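Let the hints inform the model, and build the full structure from the sequences given.
Number of protein chains: 2
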Amino acid sequence: MTTLQLISEIKKKKSFLCIGLDVDKNKIPQHLLNEEDPIFSFNKAIIDATHHLCIAYKPNTAFYEAYGINGWKSLEKTINYLNETHPEIFTIADAKRGDIGNTSSMYAKAFFEDLAFDSVTVAPYMGKDSVEPFLAFENKHTIMLALTSNEGAFDFQTKKVDGKELYKQVLETSKTWKNSENLMYVVGATKAEYFADIRKFVPDSFLLVPGVGAQGGNLQDVCKYGMNKNVGLLINSSRGIIYASNQEDFAQAAAREAKELQQEMEFILDK
Amino acid sequence: MTTLQLISEIKKKKSFLCIGLDVDKNKIPQHLLNEEDPIFSFNKAIIDATHHLCIAYKPNTAFYEAYGINGWKSLEKTINYLNETHPEIFTIADAKRGDIGNTSSMYAKAFFEDLAFDSVTVAPYMGKDSVEPFLAFENKHTIMLALTSNEGAFDFQTKKVDGKELYKQVLETSKTWKNSENLMYVVGATKAEYFADIRKFVPDSFLLVPGVGAQGGNLQDVCKYGMNKNVGLLINSSRGIIYASNQEDFAQAAAREAKELQQEMEFILDK
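Heads up: the protein sequence lines correspond to chains U and E, in order. Counting in our numbering, the first sequence runs from -7 upward without gaps. Counting in our numbering, the second sequence runs from -7 upward without gaps.
Check before you lean on any hint, since a few could be wrong.
To be verified - Calculated cross-link-like contacts (lysine-lysine; reagent style DSS-like; alpha-carbon spacing at most 30 Å): (1) K221(U) - K170(U); (2) K132(E) - K65(U); (3) K101(E) - K152(U); (4) K65(U) - K170(E).
Honestly, the hints are just simulated from the structure, not real lab data. Here the structure is a predicted model, which means the values were calculated and not measured.
Now the structure itself:
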């Protein structure tokens, strides 16, 4: 998917909501455990109930790998279902990968070709040659960790490197990499006050923003400081939406939560 | 596996060689492609021919994920084969994972419980709460990236953070984390001159050292500066061993290369 197509979807749906499909078998409605593939059944029901309210889905690979081969099968079924029934929806493999060049190429192949995701998240620690293999794919997007939503972000990311915080060095340096126009960045909603500064480095890039909802981030604040002329934000909510209910009505409950966020977004977009 | 067991194996085999099982279908002998599971057949032959020469195997997950569910099956068969036939061998899932706490717990479950690896590699960028879930597993080891073997290591890892290189901050900070005795670190062989400095921060920790062979690192130099009283090094070679031949004799050729490294190690240990 091109960035222009993504922007067009945002405008059409008046939403920049991304729903995180972080499916834990201990948290889904127990009646689903009788299904052949409980995780896929859960995802399919969530997607069917919410696809008109969001512009992206983001399965976190950890939740699938934890169930071994069956988990990987659920992930494959989920991305295939999305690509078949809703090809206009942006898909994110939240995998946080990164390795030396020839190995990163294998990860890129795994997520862009084998699973056919539109994008994948990567970690910056290993630098340029660990990320460029992902950037080489046309109309695919590489979403690099910049400033994450967790407490551990303060361990290294906000430390000063040559007088400038590490996450700013990451933003700045990455812009010099080949095909850097295919980069987006992860910036946590729990750090809304940082967005204005971040926009000085990457005014035009899309930012994937986790941390709204369960982790405590505030949508209004993020938009106030982080939005650009093309919106430029993908706001993710996972647990707040998909676990709104653990009863038979879980999909409708998820849709209610998603609708609430979508309407808040529509209000912001119309301002 | 405990660290004491690992040390005991090193002394018994007079080897601290780790063999990287980074299996690319384009590089393995073509006759294997007729097998039901070419990747597992390749790994099994390599393991059968080299297990007496090395103390660890390290499959890099990227090479398995690139083949989707079949790749994940090959990985599962490989670790099961290792655990059944050579339980004394240390196993490393080279996955370079790391995410917010609840998500890292899922990765830890995937690699330590579901696949039953002895260890997994992780990335430090997201800090303490992204790594501690791995450290919570008893007799399991978490191998954190410190200074990697690639060119991109100079992008951020060697940059000065409050007057001290980032990789040193990573080493130092990680020692304050809960169960930090379960940490090992990745330090690339291509940067042998850094080892003496690194040992000031982590004198007792094991270091996993990629980059000997194909990437140009020198074993003698690494040992000179990096070895401690318990050896403290796991020297990895992947391509140099497993792709020594792409003909029918590939396993014997791998054994020859492994034997050469093991003998070099025995010579160093006996000095």
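Evaluation of the provided hints:
no.: 1; hint: K221(U) - K170(U); in the structure: holds, 25 Å
no.: 2; hint: K132(E) - K65(U); in the structure: holds, 27 Å
no.: 3; hint: K101(E) - K152(U); in the structure: violated, 34 Å
no.: 4; hint: K65(U) - K170(E); in the structure: violated, 34 Å
Hint compliance for this structure: hints 3, 4 are not met, and every other hint is.
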